[in-house]
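When you get a sec, could you build the whole thing from the sequences and use the hints?
Protein chains: 6
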Amino acid sequence: MRPSKRDFDEMRAISFERGVSKHAEGSCLVKFGDTHVLCTASLEEKVPSWLRNAGKGWVTAEYGMLPRSTGDRMRREAASGKQGGRTLEIQRLIGRSLRAVVDLQALGERQITVDCDVIQADGGTRTASITGAWVALYDCLRWMETRQMITLQKVLKDHVAAISCGIHDGHPVLDLDYLEDSSAGTDANFVMTGTGGIVEIQGTAEGEPFTEEQFATLMGLARKGITRLVDLQKMAVN
Amino acid sequence: MRPSKRDFDEMRAISFERGVSKHAEGSCLVKFGDTHVLCTASLEEKVPSWLRNAGKGWVTAEYGMLPRSTGDRMRREAASGKQGGRTLEIQRLIGRSLRAVVDLQALGERQITVDCDVIQADGGTRTASITGAWVALYDCLRWMETRQMITLQKVLKDHVAAISCGIHDGHPVLDLDYLEDSSAGTDANFVMTGTGGIVEIQGTAEGEPFTEEQFATLMGLARKGITRLVDLQKMAVN
Amino acid sequence: MRPSKRDFDEMRAISFERGVSKHAEGSCLVKFGDTHVLCTASLEEKVPSWLRNAGKGWVTAEYGMLPRSTGDRMRREAASGKQGGRTLEIQRLIGRSLRAVVDLQALGERQITVDCDVIQADGGTRTASITGAWVALYDCLRWMETRQMITLQKVLKDHVAAISCGIHDGHPVLDLDYLEDSSAGTDANFVMTGTGGIVEIQGTAEGEPFTEEQFATLMGLARKGITRLVDLQKMAVN
Amino acid sequence: MRPSKRDFDEMRAISFERGVSKHAEGSCLVKFGDTHVLCTASLEEKVPSWLRNAGKGWVTAEYGMLPRSTGDRMRREAASGKQGGRTLEIQRLIGRSLRAVVDLQALGERQITVDCDVIQADGGTRTASITGAWVALYDCLRWMETRQMITLQKVLKDHVAAISCGIHDGHPVLDLDYLEDSSAGTDANFVMTGTGGIVEIQGTAEGEPFTEEQFATLMGLARKGITRLVDLQKMAVN
Amino acid sequence: MRPSKRDFDEMRAISFERGVSKHAEGSCLVKFGDTHVLCTASLEEKVPSWLRNAGKGWVTAEYGMLPRSTGDRMRREAASGKQGGRTLEIQRLIGRSLRAVVDLQALGERQITVDCDVIQADGGTRTASITGAWVALYDCLRWMETRQMITLQKVLKDHVAAISCGIHDGHPVLDLDYLEDSSAGTDANFVMTGTGGIVEIQGTAEGEPFTEEQFATLMGLARKGITRLVDLQKMAVN
Amino acid sequence: MRPSKRDFDEMRAISFERGVSKHAEGSCLVKFGDTHVLCTASLEEKVPSWLRNAGKGWVTAEYGMLPRSTGDRMRREAASGKQGGRTLEIQRLIGRSLRAVVDLQALGERQITVDCDVIQADGGTRTASITGAWVALYDCLRWMETRQMITLQKVLKDHVAAISCGIHDGHPVLDLDYLEDSSAGTDANFVMTGTGGIVEIQGTAEGEPFTEEQFATLMGLARKGITRLVDLQKMAVN
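Chains as they are written, first to last, in the UniProt record's numbering: chain A, 1 to 238; chain B, 1 to 238; chain C, 1 to 238; chain D, 1 to 238; chain E, 1 to 238; chain F, 1 to 238.
FYI, nobody ran anything at the bench for these hints, they're computed from the structure. Treat the hints with caution; some may be incorrect.
A pair counts as met if it fits within one copy or between any two copies, since identical chains are not told apart.
[Claimed, not checked] Below, in silico cross-link-like pairs of lysine to any residue (SDA-like), each with a Cα-Cα straight-line distance of 25 Å or less: (1) K154 with A236; (2) K82 with G95; (3) K82 with D72; (4) K22 with D72; (5) K5 with N53; (6) K157 with Q202; (7) K154 with G55; (8) K31 with N238; (9) K46 with K157; (10) K82 with W50; (11) K56 with D158; (12) K22 with M11; (13) K46 with E17; (14) K157 with D72; (15) K5 with R142; (16) K157 with P3; (17) K56 with M74; (18) K31 with T70; (19) K82 with A13; (20) K22 with L51; (21) K154 with H171; (22) K157 with Y178; (23) K22 with D7; (24) K157 with S80; (25) K234 with R86.
Printed below as a string of structure tokens:
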């Protein structure tokens, strides 16, 4: 029995609320149970200096947690004067995941920055961020299409979504919440596209090393979860 | 006519949503029209080092804006490596305002940090922060009272709320939104208690200097607005 | 009786020493009693990047305290790696106050930076800084006029000066020194022009909130003090 | 044909040079072809503050690249004032990998820091670092055993080594050098123990997403490589 | 002929103004011509952590330049977020020079920090700082002696003073001002005690390397200058 | 008797290993006994912004120590967020020393950065760095000559090398190792050219001040040592 009482392959309640920001070109408040992430996509008509005059655009991401999004209040990164290693690692992952389904040439010389700010955390903030960021990006691109700046279909090649799996008390389970994550022996994050391609895999043995068989089981669970997430994204943007 | 079409002494729609955070001891999502600030109060059983063994507690505040809470995306302060002058100025103001109505002796050797994070900005973020922070602080103290840690009445001596006024197009107006604020000649922020005492006054001539009479008119408007805000706080916590 | 034995409306001995810097285009060592601030105005033939090609100039200020300007040695901000919130707040205030009396268009595409460095502190460093900065700015503009770069009268529209007031032991008093400031219940800073317009008001209740009547009394005191400061500025630059 | 002319499952020449530091308790210069990493293990008789009095020790790692270890000179991180996201990510990975095979209880209240400094880079610096860090750690623990501080067997539970794989020009290949890495469509790093347990998996699609089958092939290659690396570690420490 | 019209072995007008700070235990405004440095000595009843319980004290120095102490305004180090290499180098030199004539054991477990802040610069700021710092330190120790904390004679073993020399237009000259320094081929700073011992020598060829003979000439000049400086110090503290 | 058992004028075993970096245009692993410094020279086809369009190039240096190059592990400067005063001082010294023998006009509008990274420290890291940096620079310039970019003879005007001397236990000795350095009363570093010109002198009394005679003796020793170092450089590059 999981602490969350969910079935081993049962995800938390997932929801996407679009258009939550008055200002952003695209925005989405994504919830994976009690994990709530506000994703906003911001368009700028310029690219990073290292990409200037390369005839293509860029999609990047930033990630942050509100100080009391967590059980104990964390120190504000702006106050401590730097972003921690975990923050940098996650925002690099979100950016890579989004770029895997974007045609940067078709985007043109522009940059879209997706900010993923964790309003409330209960495990799985990076997977919720990726999954919600796609929706915010979609809306930003639709906003651009409405203004004849791009063709959405050409720029956004596929869906991308992410989910965590883990071995909890010896059993492979899907979509860990904080309590499960804290006590899981193995923790893995999978990022996949709507057509089933794998974009990113990260698996870590917190305690005992894991076997190839265990990892294959986790990947099977992840595939199931991501298929569902992509369905939910499709419903959300229709 | 104000850009917002409001009467000269009409505030925006104000609302307080309590208990919005699963983790914080007290929390409040305050809205002044399109300005939305998430306030969380976090209790720690320790005080800053300079207050150790002084037999009293501390209340402090931190302030931040999500990068795309504004019309144009701002650089994330955690990424730029420091909090700007405006941020520091505002969080010092929020902290002073709250401490004006708290009996630190009665609080005991503990610290409460109120984080005010601007989810969406449309002018008046500092006044909304102070007004909402009081509600989050109230709930945190109630949480403590429930656990027999303090007597709420003894610690929280009064309400505190804040509002901005300005001279727009020659006319004194209450509760400026971003558009009005940008074009206002004079901008003033008032912080007052429930019993009408003044805690903080900040008035700035953006263009032409202003007169004593104009300032008196602004203070009258502010008093009216703050009376209303305190009424709304009372309804919210009942 | 004030700790300083001064009458309630009596300022400290005020003096301006001009031309104290061999290098700066304008400079002034201002003394408000034991508070000594060295103000230098530096001209640069360039504007901040956000103002480029806007056909106007900029006036800005920086503020600092020597480590042992105070009773206890403070940590050097250059060594701690950042300017504190109080420093940033004060230098923003000085800059705004000066810009209130400058025609930036008439200045042309140039920047004047006024550095206010506190050599010795005894309360009222920000008001002394503003009052002395005006003199340094005046001399810088005269330097420019001598070189046919501008017409002083067109660029500098008015005087600007500042003074603090407070409620000490129940009595409103003018121009607080450090001892009085430390024990004052309410502390207010006023910035006004030579023609009596108000540029900036900052009032803070350190202990008990204050009333509108008390604040009006403080403003009356301030007006008297600033009238005197402007007279002294006039004598100094003649 | 690989750019390196190696067979698809052929690693570069691997070597471990032990005892290269006069000062460190354990040290190893590891070479994976032209990738050279100096690993030193430093023992301190104290633990991080968050682990104090927990009756166990800690093993951590730091990673750095000499400015001209790469084809183009990189900016020195000490000069730029912070460690980049990639650096933080890699040193966190090295630390986790080592801790997976260490019994922290048996280590006692001490910290071992393994510094991995890249002297020359040609791809695979993180996998070389992990593999060489194990040897430096081994020697540090042997140094401690000689001084009757610990029993090496109890503290170090297993070997740990790492290797990269990728899909180059459509073909799965083992141990990518820089040239191959730059043009590889998929890049994966595997960390495994001497008994075959998986400690960490990181797979990234640089261009096209990859399939489960492709990933399984890469894992097979990695297993083969790591078996060989562990054999070489065994020879090195005998 | 020197640009300053001085004789080759003629120093600028030197003066020491003591007691210039209301707060500091010792202070001195030292002038070497147009180079003006404010030196304050601050006593603290604690030592740096690495010296705790060692039964001796510490003397250290900090150095800074006001932004417009120089011909062109320099960026404020507090604003740029770090002290430059030159600043750190000079303050280390001042500290070493002072410690050379202090008996740290006799000082007891206390720290004296001498701040040397350049109010106006015209070459030779480091030598003026050392020479003036000794006077501030003397006064601080006398302040302590008056309070029966130490015996001045036992703590302060000797005078210390410093002077620059250089080869200007082929001729060895004493006490370079900025203009001479900028065009000098060789620049050397000497720190010596009252009894003629050498504490520190720094010689740098800005253009052509220099010879042993030239260096000996410079040292002779320096000795002459420092003898004079020590005489002036003696007159100043009598 | 010296702790190192060397004769008073005997240097440690000196060696230069060239071409140790696959990537750098010039490189040298220099050893002064157990002090090992890796020097790499990196060519860039651009100059610092303050030198742009001046028709000449620049040679600069950076210095770093690996965390466990020393007896106790030092904190990594990249992790602490800044380079210490000693680091900045040394890299400025290396840069000045190299520029003393380079014709920047003949170099053309290019920058060469010589990185000196201390792999293992046993005293004298700055003198080893300068001496080895010259070899790396030589090889970089030869690399450029091969590509017809410059004429080596015109750019590199002379050799430059450095050595430390000190007064140990009352006796002047050459080339101090760490143990000798720690207990030396006086420590001096000399930088000279191949033709015997002096480029830089730094002498510091760690304990008692020293005399002119002592200093002359140290300079004599240094001259002897540097003559030998230049001979070794000549053999190394032939």
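Outcome of the hint check:
In this assembly of identical chains, the alpha carbons of K154 and A236 lie at most 25 Å apart only when taken from the same copy (20 Å versus 49 Å across copies). For the homomeric pair K82 and G95, the shortest alpha-carbon distances inside one copy (19 Å) and between copies (21 Å) are both at most 25 Å. In this homomeric assembly, K82 and D72 come within 25 Å of each other (Cα to Cα) both inside a single copy, at 20 Å, and across copies, at 23 Å. For the homomeric pair K22 and D72, the shortest alpha-carbon distance between copies (11 Å) is at most 25 Å, but the shortest distance inside one copy (31 Å) is not.
Neither within a single protomer nor between protomers do K5 and N53 lie at most 25 Å apart by alpha-carbon distance, with minima of 54 Å and 35 Å respectively. In the homo-oligomer, the alpha carbons of K157 and Q202 lie at most 25 Å apart both inside one protomer (23 Å) and across protomers (24 Å), since each shortest distance falls under that limit. Taking identical chains as interchangeable, the C-alpha atoms of K154 and G55 lie at most 25 Å apart only when both belong to the same chain, with a minimum of 16 Å there against 43 Å between chains. Taking CA atoms no more than 25 Å apart as the test, K31 paired with N238 passes inside one copy only; the shortest distance there is 18 Å, against 29 Å between copies.
When the C-alpha separation of K46 and K157 is checked against a cutoff of 25 Å, the pair qualifies only within one copy, where the shortest distance is 22 Å, while the shortest distance between copies is 40 Å. In the homo-oligomer, the alpha carbons of K82 and W50 lie at most 25 Å apart both inside one protomer (23 Å) and across protomers (20 Å), since each shortest distance falls under that limit. Taking identical chains as interchangeable, the C-alpha atoms of K56 and D158 lie at most 25 Å apart only when both belong to the same chain, with a minimum of 19 Å there against 48 Å between chains. Only between protomers do K22 and M11 lie at most 25 Å apart by alpha-carbon distance; the minimum there is 19 Å, versus 30 Å within a single protomer.
In the homo-oligomer, the alpha carbons of K46 and E17 never lie at most 25 Å apart, since the shortest distance is 28 Å inside one protomer and 39 Å across protomers. In this homomeric assembly, K157 and D72 never come within 25 Å of each other (Cα to Cα): the closest approach is 40 Å inside a single copy and 27 Å across copies. With identical chains, the CA atoms of K5 and R142 are never at most 25 Å apart, being 39 Å at best within one copy and 31 Å at best between copies. Neither within a single protomer nor between protomers do K157 and P3 lie at most 25 Å apart by alpha-carbon distance, with minima of 38 Å and 31 Å respectively.
In this assembly of identical chains, K56 and M74 lie within 25 Å of each other by CA distance solely across copies; the values are 23 Å between and 38 Å within a copy. Taking the shortest Cα distances, K31 and T70 sit within 25 Å of each other both inside one copy (15 Å) and across copies (23 Å). Taking the shortest Cα distances, K82 and A13 never come within 25 Å of each other, neither inside one copy (34 Å) nor across copies (37 Å). Taking the shortest Cα distances, K22 and L51 never come within 25 Å of each other, neither inside one copy (30 Å) nor across copies (28 Å).
In this assembly of identical chains, the alpha carbons of K154 and H171 never lie at most 25 Å apart, being 42 Å within a copy and 28 Å across copies at closest. Proximity of K157 and Y178 under a CA criterion of 25 Å is satisfied in neither setting, with 33 Å inside one chain copy and 29 Å between copies. For a Cα distance limit of 25 Å, the shortest separation of K22 from D7 across copies, 23 Å, qualifies, whereas the shortest one inside one copy, 38 Å, does not. Taking the closest pair of Cα atoms, K157 and S80 never come within 25 Å of each other, the shortest separation being 39 Å inside a single copy and 33 Å across copies.
Within a single copy, K234 and R86 get their C-alpha atoms no closer than 30 Å, and across copies no closer than 34 Å, so neither meets the 25 Å cut-off.
In this structure, the earlier hints numbered 5, 13, 14, 15, 16, 19, 20, 21, 22, 24, 25 are contradicted, and the remaining ones agree with it.
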